[in-house]
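The chain contents come next:
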Amino acid sequence: MARDAVLTAVALTIFVLELQLPDLIPVPGVKAGLSNIVTLITLYLMGPWDALAVLTARILLGSVFSGNASALIYSLAGSLVAFPVTLLMKKIVTERQVWVASVFAAIAHNAGQMGAAILVTATPSLAVYLPVLTVSGVIAGLFTGLAAQACLPGLSKILRDQ
Amino acid sequence: MVKTRTWAAVIGCILLLAGAAAVWLWLRPAPGHVAEIYSDGALRYTVDLDRVREPRRLTVEGPRGVNVILIEPGRIRVESADCPDQVCVNAGWLSDSASPIVCLPHRLVIRLTGGAGPDTTAG
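Chains as they are written, first to last, in the numbering used here: chain A, 55 to 216; chain B, -3 to 119.
Each hint should be verified, as a subset may be incorrect.
[Unchecked claim] Pairs of lysine-lysine, BS3-like flavour, derived with a Cα cap of 30 Å:
no. : chain 1 : residue 1 : chain 2 : residue 2
1   : B       : K(-1)     : A       : K144
2   : B       : K(-1)     : A       : K211
3   : B       : K(-1)     : A       : K145
[What the hints assert, rightly or not] Over the 12 Å line for every Cβ pair with chain B, so calculated as not near, a few chain A residues:
no. : residue
4   : V64
5   : W103
6   : L106
7   : L115
8   : V147
Think of the hints as simulated: they come from the structure by calculation, not from any bench. Predicted, not measured: the structure shown is a model, and the values here were computed from it. Where is the CB? At the ideal position from N, CA and C, for every residue including glycine.
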């Protein structure tokens, strides 16, 4: 529980820092998602329940800290799709392929987010952004995945069951 | 175990396909120059951009905030908004693209369609 809280604090810090970065392209939903480095580390070293707890806490608190409460529904929808995909991919890939799971998770996240946006705005034509969001998902997922993978060996001594 | 090289190839293919689709969709011209402004899922205004003579502003008040839309002959943009992410403002002018301007926080969408509908905006 204490470790979950620390991980959530780390994830939130990364989330808030990322908010300060300027948008690279003005397409809704394009984001690096750096705080998911923490989600992946939690999943790999502490298990799915801890990861779900840290992820949910970060999303809820992040929407408070960012002052962007209306983004909450899109983050939740994205994570709702991405989390099961990540669990599934974790079973398929090796510990040297965490970035692969991360890429598919990011693609799934962006698709789920887009689905929510289409429902909320009742505008099916938003789907034109799906390819851009897939490209951004691959890049973002690759980066967060590689970062998490690089951190895992060092952190496993600290985080894995004590 | 699937080899890393195989995964890289699969992801590379996804990237290429999505990239090509993105570029194609981005460059695809709009079916027409009639701007439709949706707020909260409902069509609020229709503006034929070809019939705009004078620049004018349109303030769209949604349930979550305000977007000020600037309409000029042949083009339309969100000039300012009190949304947190400003994606709609940064999207810039929409004049000939089929990709809509979106303000997700305010549930506002501006897209171009074909056909000359009646200009329903009040001056």
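Results for each hint:
The hinted pair formed by K(-1) of chain B and K144 of chain A meets the criterion: a straight-line CA distance of about 14 Å does not exceed 30 Å. Under the criterion of a C-alpha separation no larger than 30 Å, the hint pairing K(-1) of chain B with K211 of chain A is consistent with the structure, at around 27 Å. Taken as a hint, the K(-1) of chain B and K145 of chain A pair is honoured in the structure, with Cα atoms around 14 Å apart against an allowance of 30 Å. Distance check on V64 of chain A: its Cβ is at least 23 Å (rounded) from any Cβ of chain B, clearing the 12 Å threshold; non-interface status holds.
Against chain B, the non-interface label of W103 of chain A holds: every CB pair exceeds 12 Å, the least being about 26 Å. Once the 12 Å rule is applied to beta carbons, L106 of chain A is consistent with being away from chain B; the minimum gap is 25 Å. Listed as outside the interface, L115 of chain A is consistent with that label: its C-beta sits roughly 16 Å from the nearest C-beta of chain B, beyond the 12 Å cut-off. For V147 of chain A, the requirement that its beta carbon stay farther than 12 Å from each beta carbon of chain B is not met, with the minimum near 7 Å.
When each numbered hint is compared with the structure, a violation occurs for hint 8 only.
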